[in-house]
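Using the sequences plus the hints, can you model the full thing?
For the record, the sequence lines run as chains A, B and C. Each residue of the first sequence is one higher than the one before, starting from 18 at the first, in our numbering. Each residue of the second sequence is one higher than the one before, starting from 897 at the first, in our numbering. Each residue of the third sequence is one higher than the one before, starting from 6 at the first, in our numbering.
What the hints contain is simulated information worked out from the structure, not anything from laboratory work. We treat Cβ as the ideally placed atom computed from N, Cα and C, and that holds for glycine. Treat each hint with caution, since some may be false.
Unchecked claim - Covered by chain B, according to a simulated footprint, are these stretches of chain A (three or more residues, beta-carbon under 8 Å):
no. : segment
1   : 37-49
2   : 76-88
3   : 100-111
4   : 116-130
5   : 153-166
To be verified - No farther apart than 25 Å at their CA atoms in a straight line, the calculated lysine-lysine pairs in the DSS-like style are these:
no. : chain 1 : residue 1 : chain 2 : residue 2
6   : A       : Lys112    : B       : Lys1179
7   : C       : Lys145    : B       : Lys932
8   : A       : Lys112    : B       : Lys1080
9   : C       : Lys145    : B       : Lys908
10  : C       : Lys213    : B       : Lys908
11  : A       : Lys50     : A       : Lys96
12  : C       : Lys25     : B       : Lys1080
13  : C       : Lys19     : A       : Lys96
What the hints assert, rightly or not - Quick partial rundown of chain B residues pointing at chain A, CB under 7 Å, derived from the structure:
no. : residue
14  : Glu1065
15  : Ala1066
16  : Val1083
17  : Thr1174
18  : His1176
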Amino acid sequence: MENRTHISVQDLNVHFRSEHVLKDINLSIPDRKITAIIGPSGCGKTTLLRSFNRLIDSTEGVRVSGRVLVDDENILDPKAEVTHIRKKMGLLLQKPYPLPMSIYDNVAYGPRIHGIRERRRLDEIVERFLKKASLWDEVRERLSQPASALSLGQQQRLCLARGLAVEPAIILGDEPTSALDPQSSQRIEATFTELKRDYTIVIVTHILRQARRLADHVIFLYLGELVEQGPAWDFFNNPKQPMTREYIKGLIS
Amino acid sequence: MDRRFAEERLFKGLMILATVLIISSLVLILLTVLLKGLPYMSLDMVTKTPQGGYYLGKGGGILNAILGSLYLAGGATLLAILFGLPVALYMNVFSRPGARFVGACRFSFDVLNGVPSIVFGAFGFTIMIFFAMRASLLGGIIAIALLILPMMVRSIDEVLRLVPHELLEASYALGATRWETALKVVVRQALPGILTAVLIAFGRGIGDAAAVIFTAGFTDSIPGSLLRPVATLPLAIFFQLGVPIPEVQGRAYASALILTILILIISLAARLLARRLTRHVVK
Amino acid sequence: MRFLRVTLVPRRVKDLLAGKVMLLLTVLAALLVLVMIIGLYLKSKPVLDSHSLSELLFSTKWRPFRGQFGFLPFIMGTLWVTGVAIVIAVPLCLLTAIYLSEYAHSRVREWVKPLIDILAGIPSVVFGVWGMLVVVPFIKDVVAPSFKVFSTGYSVLAGGIVLAIMIFPVIIHVSLEVLRAVPGEVREASLALGATRWQTVKRVVLRKALPGVAAAIVLGISRAFGETMAVLMVVGNVPKVPRSVLDPAYPLPALIANNYGEMLSVPLFDSALMLAALILLLVILLFNIVSRSILLRVERSIR
Ligand SMILES: Nc1ncnc2c1ncn2[C@@H]1O[C@H](COP(=O)(O)OP(=O)(O)O)[C@@H](O)[C@H]1O
Ligand SMILES: [Mg+2]
Chain A
18 MENRTHISVQ DLNVHFRSEH VLKDINLSIP DRKITAIIGP SGCGKTTLLR
68 SFNRLIDSTE GVRVSGRVLV DDENILDPKA EVTHIRKKMG LLLQKPYPLP
118 MSIYDNVAYG PRIHGIRERR RLDEIVERFL KKASLWDEVR ERLSQPASAL
168 SLGQQQRLCL ARGLAVEPAI ILGDEPTSAL DPQSSQRIEA TFTELKRDYT
218 IVIVTHILRQ ARRLADHVIF LYLGELVEQG PAWDFFNNPK QPMTREYIKG
268 LIS
Chain B
897 MDRRFAEERL FKGLMILATV LIISSLVLIL LTVLLKGLPY MSLDMVTKTP
947 QGGYYLGKGG GILNAILGSL YLAGGATLLA ILFGLPVALY MNVFSRPGAR
997 FVGACRFSFD VLNGVPSIVF GAFGFTIMIF FAMRASLLGG IIAIALLILP
1047 MMVRSIDEVL RLVPHELLEA SYALGATRWE TALKVVVRQA LPGILTAVLI
1097 AFGRGIGDAA AVIFTAGFTD SIPGSLLRPV ATLPLAIFFQ LGVPIPEVQG
1147 RAYASALILT ILILIISLAA RLLARRLTRH VVK
Chain C
6 MRFLRVTLVP RRVKDLLAGK VMLLLTVLAA LLVLVMIIGL YLKSKPVLDS
56 HSLSELLFST KWRPFRGQFG FLPFIMGTLW VTGVAIVIAV PLCLLTAIYL
106 SEYAHSRVRE WVKPLIDILA GIPSVVFGVW GMLVVVPFIK DVVAPSFKVF
156 STGYSVLAGG IVLAIMIFPV IIHVSLEVLR AVPGEVREAS LALGATRWQT
206 VKRVVLRKAL PGVAAAIVLG ISRAFGETMA VLMVVGNVPK VPRSVLDPAY
256 PLPALIANNY GEMLSVPLFD SALMLAALIL LLVILLFNIV SRSILLRVER
306 SIR
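So this is what it looks like as structure tokens:
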């Protein structure tokens, strides 16, 4: 099981109209580890993450080529079924976007869509994943209240619970703590460390310290190109590329 | 130097005058209708249909027209939602982002929105001739539905455009299809705005006369079937005004007052509902 | 679980089906204009086949019972009434829009806007009633005597005044939006050079906003062109080309609305009325296409 590859990207190229945003990306993301994608803003981190679950399809004027293998299936294959791909991956955005419904319904939304109707099973799922996202104790008394009434940090954990409830194997996070206060960020990070026992986690971050704290594996992008990737310890303590060295020292941003 | 400030003051004065004039025209219209209509208001007006000799000044009311207008505008609004909501959802959820086609549709609806109601009436009439239909509630519903469709589509469209794209993505990321996302997330988020749009369209449907003149006909009884003619408030006002008997004309003013109050209530309801239903809306 | 199999689960089928149906509805709805043009054209074909277009458009002889359908009096009636309405409405609306956009406190703006929305929502019959009760007597008893002429009050002027009020909301709404879209830096640059507010408005803001304001006016014109009931109730409906604003007139929409009863009993009459509707539709489409194109360009230049 150790170091099995969960997502592997081969010759990925992404264009927005005439702009070449990701150039010949080849990389692999290990199973049940936290992988951090780092790099200065605008270098294509979000784009890379969104090509993992094909949300990139819904962008205006986009062209994608190459292969993204998840469990040895090419999800970029035009014949692939996107809703199943997406069900395999939970997504956290920079800002939490709760759905316009109650806390309970937010978590139950995914399971309901995928065919679970019985109230008892839904109750049980809602409780289990709210606990996993360490939100249960704060909201157990007010499950029927609108999700938008929660604090930002709570909303982000709700979004995590909502994503976990469709039982994905992978969690994708696009700077998931950047809109949160330090304490909420810490809680999310702690939750991630717990979750990596069962899930493959990929987070985009531009905070180097966060990458150092969390990551087992690091991917460094610069201007749409992959500069370096590798185990976190090697990456931070023994970088191979001069560019990586400068970035870690904070000379490029 | 002095001239510049004189000009400034002159134009500022003119602007305030113009604004006051425009607002007072509204006040003047509402006041006229209220003062002229109030003396002829009675319970009979809103609870009875025209009795024998009503148009000669004898007893009765215009319940036929009030109910007729409500049925007609209600039916038309339902029909317009049935077609308009899917169209607006298509333009915002289903279509490829930034598609030319959507821009062309928006343009088409904007242009269609400028087409006067008399033309919709005439067109509705040609449809009815084509299907050998007679002036009826159904005919009126079709004409009014066509009339309010473009404004309904465009105003719902504007509301849906404001739904953050991330919200749709959050739903897609859970494996939802576009259809599920449209129904369960987009409509829910935009519900207050959609209802406002619907109510405004309903108000326009109630107030319109030119589109129903050919298509709905007129009758003194309360409509019992879709295929029977139906009275509408605007036409009731129009016909009563044409009768040179003071009592009947007075009732026309009272009818105008009823119509105006109805419209004001609807627009007030639109505002209040929009504020009420924001419980689940995500900012 | 394999992704590659395009599994036709019911929810996916539902999604595909819904997409197709909605696309169909969208296309149909967007093509409604064309369908209307075709429908009205087919109905007006008989009168177009038996009369020359120049006779229909430029003859003043309107005798349906003898088969003579000269639309000139009605076309002129529409032009007169619309002209008067525009002359009254444009200055008032522009001054108001400029005031609300450039001078008024935002609280005043938030108060005035809903009032204008209410004005926009008042049914045209109610405008007609008001016109008969207030405008017509005013013209008969005050305006006409002061020019030493007789008028019943049912006149181009009455129609123009009522119409002007009816198109206030469109013109104000659109020009306000256009004015608000002029970026603040433009104003500040001019004010910083020591220009007064009005000079800034006149020389800079209005110049920038000119195309959009023109579009607003064109939209107002097209609204006035097609308005039926209110005008019909106050213009007198005499099928003669008016010579002054105190003469009665008979605009095209009124012609259509007034004759729906008889039109089926006189040969070609219904066809002639549908032609009138077609003419209205085409003219208004032209106006709307022009102004919407301008507004689209304005919107793009801002983004
Ligand atoms: N929707 C879009 N349309 C056009 N260009 C885009 C879009 N999204 C991102 N880009 C471009 O792609 C590049 C990479 O963006 P992104 O992946 O968001 O970077 P990061 O997440 O690293 O900040 C940027 O140069 C950006 O301008
Ligand atoms: Mg990003």
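Tested hints:
Check result for the segment 37-49 of chain A against chain B: violated, 0 residues qualifying (beta carbon to beta carbon below 8 Å, three or more required). Under the rule that three or more residues need a Cβ within less than 8 Å of chain B, the assignment of the segment 76-88 of chain A holds, with 3 such residues. Requiring three or more residues with a Cβ within less than 8 Å of a Cβ of chain B, the coverage given for the segment 100-111 of chain A holds, as 8 such residues are present. As drawn, the segment 116-130 of chain A meets chain B at 7 residues by the rule of a beta-carbon pair under 8 Å; at three or more, the given contact holds.
Counting residues of the segment 153-166 of chain A whose beta carbon lies closer than 8 Å to any beta carbon of chain B gives 3, which reaches the threshold of three, so the coverage claim holds. For the hint pairing Lys112(A) with Lys1179(B), the CA-to-CA distance comes to about 12 Å; that is within 25 Å, so the pair holds. Between Lys145(C) and Lys932(B) the alpha-carbon distance is near 20 Å, which keeps this suggested pair within the 25 Å criterion. Distance hint between Lys112(A) and Lys1080(B) is fulfilled; the C-alpha atoms sit about 21 Å from each other, no more than 25 Å.
A distance of roughly 33 Å separates the Cα atoms of Lys145(C) and Lys908(B); the hinted pair therefore is violated under the 25 Å criterion. Only pairs whose Cα atoms come within 25 Å are accepted, and Lys213(C) paired with Lys908(B) is accepted, the gap being roughly 20 Å. Restraint check for Lys50(A) and Lys96(A): not satisfied, since their Cα atoms lie roughly 29 Å apart, outside the 25 Å limit. Among the hinted pairs, Lys25(C) with Lys1080(B) is consistent with the structure: their alpha-carbon atoms are about 19 Å apart, no more than 25 Å.
Simply put, Lys19(C) and Lys96(A) have alpha-carbon atoms about 18 Å apart, close enough for the 25 Å limit, and the pair holds. Nearest Cβ of chain A to the Cβ of Glu1065(B): about 5 Å, under the 7 Å cut. The hint holds. Because the closest C-beta pair between Ala1066(B) and chain A is about 5 Å apart, less than 7 Å, the hint holds. The restraint placing Val1083(B) at the interface with chain A is violated, with a minimum CB-CB distance near 9 Å, outside the 7 Å limit.
Hint on Thr1174(B) is violated. Least Cβ distance to chain A is approximately 9 Å, over the 7 Å limit. For His1176(B), the suggested interface contact is upheld, since its CB lies about 4 Å from the closest CB of chain A, less than 7 Å.
Hint violations for this structure: numbers 1, 9, 11, 16 and 17, all remaining hints satisfied.
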